[in-house]
Amino acid sequence: MLSSVFGKNLYDMRRGLIGWSISILLMNLWIVTFYPAIRDSAFALDQYLQNLPPAFAALLGETASFNTIEGFLTVELFTFFWPALTLAFAIGSGAGTIGGEEESGTLDLLLSHPVPRWRVLLEKFAALTVFSGIAIGAGLLGLILGTLFVNEAIDLGKLGAAILSIWLLTLLFGTLSLALTGVGLHRGAAAGIGAGVAALSFLINTLGPLADLPESLRRVSPWYYYDGGVALTEGLKLGNAALLAGLVIVFLAVALFGFQRRDLAV
Amino acid sequence: MPEAIRLERLSKSYGKQRGVLDLDLEVQPGEVFGYLGPNGAGKTTTIRLLLDLIRPSSGRASIFGLDCQAQPIAVHRRVGYVPGELALYPKLTGEQTVRHFAALRGGVDPAWVNQLAERLDFDLKRPAQTYSSGNKRKLGLIVALMARPDLLLLDEASAGLDPLVQQAFYQILRELRAAGTTVFLSSHNLPEVERVCDRVAIIREGKLVAVQEISSLKAKALRRIEIVFDNHVPVAEFEGLAGVRDVSVTDRRLTFTVQGSLDSIFKAAARHTVQNVISYEPSLEEVFLSFYEGEVQHAV
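In order, the protein sequence lines correspond to chains U and G.
Sequential numbering from 941 applies to the first sequence in the numbering used here.
Sequential numbering from 54 applies to the second sequence in the numbering used here.
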């Protein structure tokens, strides 16, 4: 486990990861078990949704409906709560993986060993990818257990597409925070900016149509390409997934380029 | 054979204050070289430049002929480093720390690690966060020494070690030197440098003030000495002796500073009855002053 930077990062994070995974698993399981009660009053709730001020309705998701398990999951999990949790986890980890070691001073000792900087960063990115995958996998497990419990069937292929989308969005913001420390920002600043960009771009995308923001502005938001809820009914949108993955690679390249060139802070 | 360390007009500027300027220095393989200067003089900056942790503003540094910036990994393979502000992974035990860094080096001899731990009286089993600062430094030394590097970069390495462990550390340094290891030891502690080093560079405010053999540093060093006689002694007998200055007599107490040999002053003192002699080790600042008086030396 300690024979590589990747392995050591997994080892370091094991407790935090277990905590996050269990929390997300339980949250998803718990929320899904509400579905039968909600479904039985779906008509009333849909009416209620339609009478909500448009801004609130938008926050719940474009295809908000409590009529189907997919609509329910979109509103209750995929639109906001689940990505919010996984993003918080990934932004913190992304900012901390280089930034934390630089802050505590262990980065000097680590990089005085015969390991190239780019490799340290790539291994830390790989660990981030695996962590967020495990955290999301735990959420998926909770969701599936929940649907079994309430006896609802869900298309696993489409669920897979939604999971891929949430994972890519999570990685995107995690890698953004990593990139910010890569170019020299402190851990706190990188986490703050990462979280700020995530929140602002979420609002731009969700409230954009109501505030009459131009479509082009919404297209700047990574959330525009996030299909967590939509994929449950419509399946994978390859273009959107590719775009999110492309942005992850761009941020990773920025992180590598910046980290390779800069001075390490004392 | 290329120099163990070679600095050529090496500069690093951080805006106005800190940094180093135009360092030229050569350290030969097998030397134990002292890098002496007060805190903030640029010692750590120099060492971090050698390790490519920071990049020079201008100039060049090389280790065993390898360019520190262009070939950092080849450099790191040959170097062991103990940072001045040593930080370790708090949750790893000593043993796990050793295992992690050993793996990054492609493996080390476990028998040697155990021997080092034993000689430094260090318990590898505990988590790093429970170690005292002295114990952390021991672990840092083990990590630096375990791969038997050709060059050791020690940034204030013995700070915080208790005297017995310091002796063990100096003994290990002597053995390494006998085995051909080059040691570059930064310190603000003159007696330490005098004790273990062959040559010393003195750095002050980012500039090299002098590069000296230890023996000539000692000869140059000013010492303040106090001699207590059983009677009042005439001050005139001691004024004007070779290397002696600032002579004064208060009651039966003669104080002066002397540079180099003590022979003439002791011969003069021997004409009277001496009760006690007290010698004060020069502070670093006094050593610098002795270099600054007259012209700045730069004998490489």
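Please note: incorrect hints may appear among the correct ones.
Computed footprint of chain G on chain U, listed as stretches where at least three residues anywhere in the stretch have a Cβ under 8 angstroms from a Cβ of chain G [unchecked claim]: (1) 944 to 956; (2) 969 to 975; (3) 1062 to 1074.
Straight-line distance between alpha carbons at most 20 angstroms, and here's what the computed SDA-like set of lysine to any residue pairs gives [what the hints assert, rightly or not]: (4) G:Lys144 with U:Gly1045; (5) G:Lys144 with G:Ala156; (6) G:Lys144 with U:Gly947; (7) G:Lys189 with U:Gly947.
Don't read these hints as lab results, they were simulated from the structure.
Using N, Cα and C, we set each Cβ at its ideal position, and we do this for glycine too.
Hints the structure violates: just list their numbers, smallest first. Numbers 2, 3, 7 - these are the hints that the structure violates, sorted from lowest upward.
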